[in-house]
Amino acid sequence: MALLTGKPSARRQGFELAMMSPALLLLALITLVPFFSIIWMSFNDVSLMGGLTFEFSGLDNWQRVFTDPDIRSSWLISLFYFLATVGLEMILGTVMALLVYSLTRGSNIIISLLLIPMFIAPVIVGLLGRFMLDPSHGLYAWLLNETGLFDGNILGSVGPAMVAVILMDVWEWTPLVALIVLAGLASVPEDILEAAEMDGAKYGQKLLYIILPSISNILLVALLIRAMDAIRFFAIIFITTNGGPADSTKIIPIRLYDIAFRFFDLGYAAAVGITMLAFSILVANAFMKLLKRQEKRS
Amino acid sequence: MTAPKRWVSLTVKIVLLTLLLLWTLVPIVWMVLSSFKPNSVITANTPRVFFTPTLEHYASLFSGGNSLWPYLMNSLLIAGVSTLIAVVLGCMAGFGLSRIRIKGKQHLAFWIISTRMAPIAAVIVPLYLLFRYLYLLDTHVGLIVAYLSFNLPFAIWLMTAFFDDLPPDLEEAAMIDGATKFQAFRYVVLPLMTPGLVTTAILCFIFAWNDYAFAQTFSGPSTQTIPIAAAQLLTQTGIDWGKLLAIGTIVVCPMAIAGLLVKRWLVQGLTMGAVK
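Those protein sequences? They're chains A and B, same order as listed. Each residue of the first sequence is one higher than the one before, counting from 1 in the working numbering. Each residue of the second sequence is one higher than the one before, counting from 1001 in the working numbering.
Treat the hints as calculated values from the structure; they're not laboratory data. Be careful, since some hints might not be right.
What the hints assert, rightly or not - Here are the simulated PhoX-like cross-link-like pairs (lysine-lysine), alpha carbons at most 25 angstroms apart as the crow flies: (1) K1105(B) with K1276(B); (2) K202(A) with K1103(B); (3) K1105(B) with K292(A); (4) K1005(B) with K206(A); (5) K1013(B) with K202(A); (6) K1105(B) with K296(A); (7) K289(A) with K1276(B); (8) K289(A) with K1005(B); (9) K1103(B) with K292(A); (10) K289(A) with K1103(B); (11) K1276(B) with K292(A); (12) K1276(B) with K296(A).
What the hints assert, rightly or not - Derived list of chain A stretches under chain B, where covered just means 3 residues or more per stretch with a C-beta under 8 angstroms from a C-beta of chain B: (13) 156-164; (14) 222-235.
Cβ atoms here follow ideal geometry from the backbone N, Cα and C, with glycine treated the same way.
Isolated chain A, as found in the complex (with noise of 0.2 angstroms):
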């Protein structure tokens, strides 16, 4: 964000506090508002059971937060299905970029192609992993099942259901990645390329050297990115294993979902909540710190 356009701020400014006002006030209103409540929230023991009660219950709930062992278990899922996807899709994301920037012809369809996975609907990305994994009928299913790597229901057994659910994220977000680092590629200097390359540099040499130090910034803006949405979304594995089998697969928006809302214990999921919203608020700092980083720069 530009912070320094123009002269000293010694004229009026009226008009500009009148333009974002509106925007700000509703979204203060709209955020704000369920920001201290899930706050207050979380200091009371607010149930659905039987109408909705309210009764203050002090650290009852922040108490649980940090001893409930399925809460725990639930982090550590979520640790493990971050590093995977978020991983998977930074390594495949940039050899996707560096695959379509090296062509000469043809480059502006296949990057179209290859980007539509992420404007589907996370709902229907599970649809179509449930359709293709289908035991009886599905495509991939029955693949793997004729090259005899696997034979079952995938999405039912415990590892290759997981296994499932982070490639479903990752054949969604990796064209997103991909879409950034081709971006950042643009940037990288020409001409010491083209020097590199008369002294003899393998193509290992100059990505190394050359090309993955000039785009580093580029892709630490892709993996904060992923890092804030990767905790933001949660419909696919909602649709395909809702967390099973045997709570393989629940991530912890999984559970505080399930504890809202199938065991209505909204107090409980209030003070989980928090714990995801500390954890979004450190993604947001370091992207602030990152943005503020390339405004020096420029």
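Model the placement of chain B on the given structure of chain A, informed by the hints.
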């Protein structure tokens, strides 16, 4: 590079690219293709590529008792209105935020970005309670508000980035010529903002259209959106795949086309202005 080496690298490239294209496109093509297959072909034990196409699944979606029309209308109305509000207010605020110089502007920016990044599961809990008190469950207004909670900060942030790219010299020149700040904004700046506005609008619409979690929690019989229609069919025993794949195709195709229309500005949009 020597000639054989070049061949090797070219082959590797083509193989990798083919694999990536297959990985990406096979599920989509298979969905669209299968949505035109008769049920007997969909549920056959071996996959079939050749068949006599049928429109029966699409026809059955729009006729009979549980028609897709109300879901479609709800989706269009809710996503449309939330997009309109987000873009209009976001455009105004984006201009103000880009041009204003006040202390604590960074804190303001941080607040805006963190509301956009808030995990949906965490937002749902307090909103559910508030909506219950305010009788907003199963209303269009409720879902519009829910979608504004992420689309409004997104639109403000993105429009700010677009306005930041436009040097203020233009407006200043117009103002030296006697234009007011409003006139400079309306007649000089705004006409140059079409790509920014269209990109913001399309992305906001896609985010709202694609949502499942909010709709699942806050909608009721009179406000259910298309993703809910898909989820309802999916949780039934004896899944009607033909119908489901037809819904999938209807949900996906317009958004993919709209998204690709603004491909040039997509990076800027999806990184919220961090990458140009």
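Structure-based check of each hint:
1. Annotation: proposed proximity of K1105(B) to K1276(B) holds, straight-line Cα distance about 22 angstroms (limit 25 angstroms).
2. For the proposed pair K202(A) and K1103(B), the alpha carbon gap of about 51 angstroms is over 25 angstroms, so the pair is violated.
3. At roughly 13 angstroms between alpha-carbon atoms, K1105(B) and K292(A) fall within 25 angstroms of each other, so this suggested pair holds.
4. A C-alpha spacing of about 16 angstroms is found between K1005(B) and K206(A), which places the hinted pair at or below 25 angstroms, so the restraint holds.
5. Only pairs whose Cα atoms come within 25 angstroms are accepted, and K1013(B) paired with K202(A) is accepted, the gap being roughly 15 angstroms.
6. With a C-alpha separation of about 17 angstroms, the suggested pair K1105(B) and K296(A) falls inside the 25 angstroms cut-off, and the hint holds.
7. Taking the CA atoms of K289(A) and K1276(B), the gap is about 17 angstroms. The hint holds against a cut of 25 angstroms.
8. Annotation: proposed proximity of K289(A) to K1005(B) is violated, straight-line Cα distance about 44 angstroms (limit 25 angstroms).
9. As the CA atoms of K1103(B) and K292(A) are separated by approximately 16 angstroms, the hinted pair is consistent with the 25 angstroms bound.
10. Taking the CA atoms of K289(A) and K1103(B), the gap is near 18 angstroms; set against the 25 angstroms cutoff, the hint holds.
11. Taken as a hint, the K1276(B) and K292(A) pair is honoured in the structure, with Cα atoms around 15 angstroms apart against an allowance of 25 angstroms.
12. For the hint linking K1276(B) to K296(A), the alpha-carbon distance of about 15 angstroms falls within 25 angstroms, and the restraint holds.
13. Only residues whose C-beta sits within less than 8 angstroms of a C-beta in chain B count toward coverage, and the segment 156-164 of chain A has 0 of them, not enough to reach three; the restraint is violated.
14. Here the segment 222-235 of chain A counts 8 residues with a CB under 8 angstroms from a CB of chain B, which clears the bar of 3, and the coverage holds.
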